[in-house]
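Novice: Just so you know, the protein sequences line up as chains A and B, in that order. If you count by my numbering, then the first sequence holds residues -15 to 183, one letter each, in order. If you count by my numbering, then the second sequence holds residues -15 to 183, one letter each, in order.
None of these hints come from the bench; they were simulated from the model. Keep in mind it's a predicted model, so treat the numbers as computed, not measured. Some hints could be false.
You can't tell identical chains apart in this list, so a pair holds if it fits in one copy or across any two.
[To be verified] In silico lysine-lysine, DSBU-like type, Cα no more than 35 Å apart, as pairs: (1) Lys112 with Lys79; (2) Lys112 with Lys136; (3) Lys112 with Lys(-5); (4) Lys(-5) with Lys136.
There are 2 protein chains.
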Amino acid sequence: MLSGMKDTLEKQIGFLRELDRLKSVVRRSILSHESRRENSAEHSWHVTMVAMTLVEHSDEPVDLNRVIRMLLVHDIVEIDAGDTYIYDMAGNEGKQARELAAADRLFGMLPDQQRVEFRALWDEFESKATPESRFANACDRLIPLLHNYWAKGHSWEENGVQSADVIRINRAIGDASGALWEYAHALIEESLEKGYLRP
Amino acid sequence: MLSGMKDTLEKQIGFLRELDRLKSVVRRSILSHESRRENSAEHSWHVTMVAMTLVEHSDEPVDLNRVIRMLLVHDIVEIDAGDTYIYDMAGNEGKQARELAAADRLFGMLPDQQRVEFRALWDEFESKATPESRFANACDRLIPLLHNYWAKGHSWEENGVQSADVIRINRAIGDASGALWEYAHALIEESLEKGYLRP
């Protein structure tokens, strides 16, 4: 193997080893078939499957391949920055600075061209400025809402979340898909009726 | 929402809920930064990142988007069929029948067109007949080998795996990438020298 190629490969393998740490970042959601919390690596797979399965409901045409790649990398920064619960106002204050530093370090482990490519995917996801990033973000909102519904409001209850918060945070699903927001909104209404969520 | 669209969406959400079960399918590999076994959902994310990161080392040109989609769905059948350890000869005997039945049931939860599309990805992965499926399979072999090396041979030791088995099983990496097989083979040699693997 040429030494340039070996150097490239060593950097890439080092990055892939670091990714193993995302499996230890624990989220608030609990699984629907066993009572343990979800980690950010398995979430990354699940939310990517959400996009692949629900893409026909996007209001704008999207390049699904770009949505998929964005979702695969969207939580890598949590290896350093941790998972910030979306309803945690205080935690969300310092979130951006923590995640920017994390993106610099983690994508910085890659060879130059790939660092730029992966970072661009993460920046686009964060920007919500393209149809692809809006749809990716909608999927990332929808899946915790589904988990909460399946778990009869477990993490809403645990964290004192109220229906107005849930509507405020999840309304952005409608920026990407009217159908998915209609579905999500009906789940929120049903959660209220069933007592999974406080008014 | 039109009732046809609602029906489609209900099927898709039912499938996505079923996917949550892949997070409870436990593999033999242990994580490199904590001593618990990996599950097949987090593995699915990690192996997809392997493909996205190492694609330049494929000997044949591949459509990375297809590789990614194949790897995202490749282990879904384990929800019903369980994870079969690649070095377990007896377990591998009934594997194909178990996995075919699982594919029928699980992809069968989807609306017609999507059932065909997702099933085709899984069939292609299993076939190893295209450059994309050979590269996807090479990534799926490489990552457990890396995990074993990082964990100083943990699951090789635990399951009495010998170096001839490791070479026989992983040689297929070379069908997709000479560079990755060269790298993998050097890791196997090093594992022998360090006592992570028995001759």
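Novice: None of the hints should be skipped; say for each whether it holds.
Specialist: Hints and how they fare:
Proximity of Lys112 and Lys79 under a CA criterion of 35 Å is satisfied intra-copy only: 16 Å inside one chain copy versus 43 Å between copies. Taking identical chains as interchangeable, the C-alpha atoms of Lys112 and Lys136 lie at most 35 Å apart only when both belong to the same chain, with a minimum of 30 Å there against 42 Å between chains. For the homomeric pair Lys112 and Lys(-5), the shortest alpha-carbon distances inside one copy (30 Å) and between copies (28 Å) are both at most 35 Å. Only between protomers do Lys(-5) and Lys136 lie at most 35 Å apart by alpha-carbon distance; the minimum there is 20 Å, versus 44 Å within a single protomer.
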